[in-house]
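Q: The chain contents come next:
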Amino acid sequence: MSTVALPEYVHHYHDPAHADDRSFVRKYIFSTDHKIIGIQFLFMSLTFLLIGGLLAMLIRWQLGWPGRPLPGGAVLGETRMPGGIMLPEFYNSLMTMHGTIMIFFAVMPLLVGVFANYLIPLQVGAPDMAFPRLNMASFWLAVVSGILMFAGFFVEAGHAAAGWTSYAPLSVVPEYSGVYNGQVLWTVSLIILGFSSLAGAVNYITTIINMRAPGMTLLRLPLPTWALFITSILILLAIPVLTGALILLLFDQVLGTGFFIPEMGGEPLLWQHMFWYFGHPEVYILILPSFGFVSEIIANGARKPVFGYTAMVLALAAIAFLGWIVWGHHMFQSGMNPMLGVGFMATTMVIAVPTAIKVFNWIGTLWQGNLHFHSPMLYSLAFVSMFVIGGFSGVFLASTPVDIPLHDTYFVVAHIHYVLFGGSLFGIFAALTYWFPKMFGRTMNERINKIHFALTFVFFNLTFFPMHELGVNGMLRRVYDYTQYALFQDLVDLNRFISLSAFALFASQLIYAANYIWSLGRGARASANPWRANSLEWTVPSPPPHGNFDSMPVVYRGPYEYSSPESEEDYLPQDAPPAEAPRPEPAPTFA
Amino acid sequence: MDWGFPENVSTFGADIDAAYGAIFYATALMFVIVQGLLVYCIIRFRRREGRKAVPIHGNTRLEILWTVVPFFGVMFIAYTSASVWLDIKSPDRMPEDAMELSVTAQQFEWSVTYPGADGQLATADDYSTRNELHIPVDRAVRLTLHAQDVIHSFYLPELRVKQDAVPGMEIPVWLQATATGEYTLGCAELCGLGHYRMRGTVNVYSQQEFDTWAAEEAAIASGAPASLPPVAAR
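These protein sequence lines are chains F and H, in that order. Just so we're aligned, residue 1 is where the first sequence starts under our numbering, counting upward by one. Just so we're aligned, residue 1 is where the second sequence starts under our numbering, counting upward by one.
Honestly, I wouldn't trust all of these hints.
[Stated by the list, open to error] Label pairs and their in silico Cβ distance ranges:
1. F:R496 - H:A22: 31 to 39 Å
2. F:I325 - H:V54: 35 to 43 Å
3. H:F71 - F:E469: 50 to 58 Å
4. F:V25 - H:Q35: 31 to 39 Å
5. H:A18 - F:S527: 28 to 36 Å
6. F:F321 - H:T212: 40 to 48 Å
7. H:A18 - F:E469: 14 to 22 Å
8. H:T201 - F:A514: 17 to 25 Å
9. F:T483 - H:R48: 32 to 40 Å
10. F:F30 - H:R51: 46 to 54 Å
11. F:A579 - H:V54: 51 to 59 Å
12. H:T178 - F:I147: 34 to 42 Å
I should point out that these hints are in silico values taken from the structure, not numbers from a laboratory. Glycine included, every Cβ here is placed at the ideal spot set by N, Cα and C.
Let the hints inform the model, and build the full structure from the sequences given.
A: Below is the structure:
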């Protein structure tokens, strides 16, 4: 039997003979354990998800009942909603912060902060991250950033109000925006968050490359880990561009430089190019991890191997690559040379190809399966269905001439919410539910989850599908009072319908939140492998001990050997030795 | 077919609407296929006791099929879109003999400058209107967009025009109205507190009406009686 060279960190694996003697603070607060850090990110980002949702409810109030006092709204103060009537400056802050919080403090940390941290070491068979202290720093930087961002609501003249895209010069010159410290806090907070993301990305990449268990070749990695690996590379390359742009913006805001101010020789479009050079890869940062989760869960629910595993990996890589050369499609109407628009249209259209590959492979995974409709499976199927709609609306916007009437209208709002809520967030619900037993050792109430799924699916569509119609009618986004326009006055009824649906959608989320919190303490105890899944995290107890594995696992096959003829059961764990000739394969081939 | 867009009154608007319609049909077809397959799988392959899923790992031919077909599909859309786009936005393709106007955006109003009797902008007989764009029907108009403070976006929904106005840049826009009437002028780029009320009207006149209007405006601007020759007479 050939010996396996044990890496240096092997002593970090869980030793059942020794009790975990870390103090409470080391164990749960300033913890270096990737699982605790993942759970810390979880509660931070779920809090921000709730805040972001509440901001959206206020926005929907104003759009459904423009200028009507919100009952009880006066508590928000004279500078925001005097007598319950929303001021335009508050509307602009709400809209800016809804986008900022949802993207940077809810969806991105939910996908990456939570699941990259929690899943990667478990799925590759490692005891922890490569750089546990850097990992801890990553979380606490995010906390500092989050506190600064939240503090912006309480400074004089209100929070940032230049949109989550913060186009200069509006975001630079206080006389133009009416916002002073809020805009600076926004910039500083995102600079700090950038360092947090970078620390995380370096960690995830290093862990996946260096710390895979013996036999865990790259093409045996579960797809969530693949997706998070590629996402981390995008983060590593994109975030520095944003941070650089933000530092220039901060200089313009507080030091009196003029990088983006034309009177001082600056260039407003430079901000847009830098922002979207980050911003479009960011869009894929916000969806690729969900691709991974959903691939995993659909295979599990269908009891079938992922159809075209290699094609799925290549499609992820292709989307990530193409994501770098499409940023200009956000700038078709910006005054950029129209010939550039043609080029960006072509590259943008090409992204539909790897996206189509993924969708067809998901359907292929269902084909001739034995579909178990557990709640993570329902969320995942909804993800595929909703993401497809978001992809189709993307084709309209990618076509430069069709973008002329649709740009900056509610069609764009509909598109991004189909991708980011129908896509990313349904993927997050799937993942939160699927890995809940592993994370907390308990089970969520399945019936309540199914009710939540049904309500969310219905009210999501009732909220966001009609927005396409608003956009086609020309209704502009980021407008405090669209009834100023005679053209949009007959859209009030539809807006009111959307608002009511949105309120119901928000209320439905509280059902999930209640189930989640209740199950943390009261859910039925979960076994190690409740979904009868194959990847390594299901071979350890729920929740896994500090150090994860008692000894280094050895991997014999890919993660999706469901319904394999080799096994009596309809699943076959990655670490189960082959029936004949049980010998470990050589260590990972990736040097 | 009415796609739900506002009534179109511009020459190139029909091309935009047609491109929209083509993409609508193409994506509607794909929508039915993809969602249909999904629903079919969900019903046909739902869990049955004693059934074991068939462990298929993939199919290279299918992978090639669903890579190549979407590629040519979207490339066709991009190809047909490109010429419509360049006809609208490329300065090289804008009509030579267009009437020249200058539009300046600032918080929170649009001002339009007309060339006056000499047909030349930036001369003494220019005159301006605030939050009103007056143009003759069936005549190409070329506007140069300026912005004083922040980025705005020149938005004429019925004329299918949207173009950002960026401080420090001069951006050309052209349009040709196909029907007289009063239409919408708005700002499509968030420009601050008053963004929501930065709007105005487009008045499309017959050539005769326009000439009368222009003469009056020129007269008011110069302080002389309204008897000067029409601005747009050629």
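Q: Each hint should be assessed against the structure and marked as holding or not.
A: Here's how the hints hold up against the structure:
Look at R496 (chain F) against A22 (chain H): about 33 Å separates their beta carbons, and that is inside 31 to 39 Å. Look at I325 (chain F) against V54 (chain H): about 39 Å separates their beta carbons, and that is inside 35 to 43 Å. Take F71 (chain H) and E469 (chain F): their Cβ atoms lie about 30 Å apart, and the range 50 to 58 Å is violated. At about 51 Å, the beta-carbon gap between V25 (chain F) and Q35 (chain H) misses the expected band of 31 to 39 Å.
Distance hint check for A18 (chain H) and S527 (chain F): the Cβ-Cβ separation is about 59 Å, which falls outside the suggested range of 28 to 36 Å. Separation of F321 (chain F) from T212 (chain H) is about 60 Å and departs from the stated range, judged on CB atoms against 40 to 48 Å. Range check, A18 (chain H) to E469 (chain F): about 20 Å between beta-carbon atoms, so the 14 to 22 Å window is met. Our hint of 17 to 25 Å for T201 (chain H) and A514 (chain F) is violated, since their Cβ atoms are close to 51 Å apart.
Checked against the hint of 32 to 40 Å, the C-beta distance between T483 (chain F) and R48 (chain H) comes to roughly 55 Å, which is inconsistent with it. Taken as a hint, the range 46 to 54 Å holds for the pair F30 (chain F) and R51 (chain H), whose Cβ atoms sit roughly 51 Å apart. Against the hinted window of 51 to 59 Å, the Cβ-Cβ separation of A579 (chain F) and V54 (chain H) comes to about 21 Å, which falls outside the hint. Taken as a hint, the range 34 to 42 Å is violated for the pair T178 (chain H) and I147 (chain F), whose Cβ atoms sit roughly 56 Å apart.
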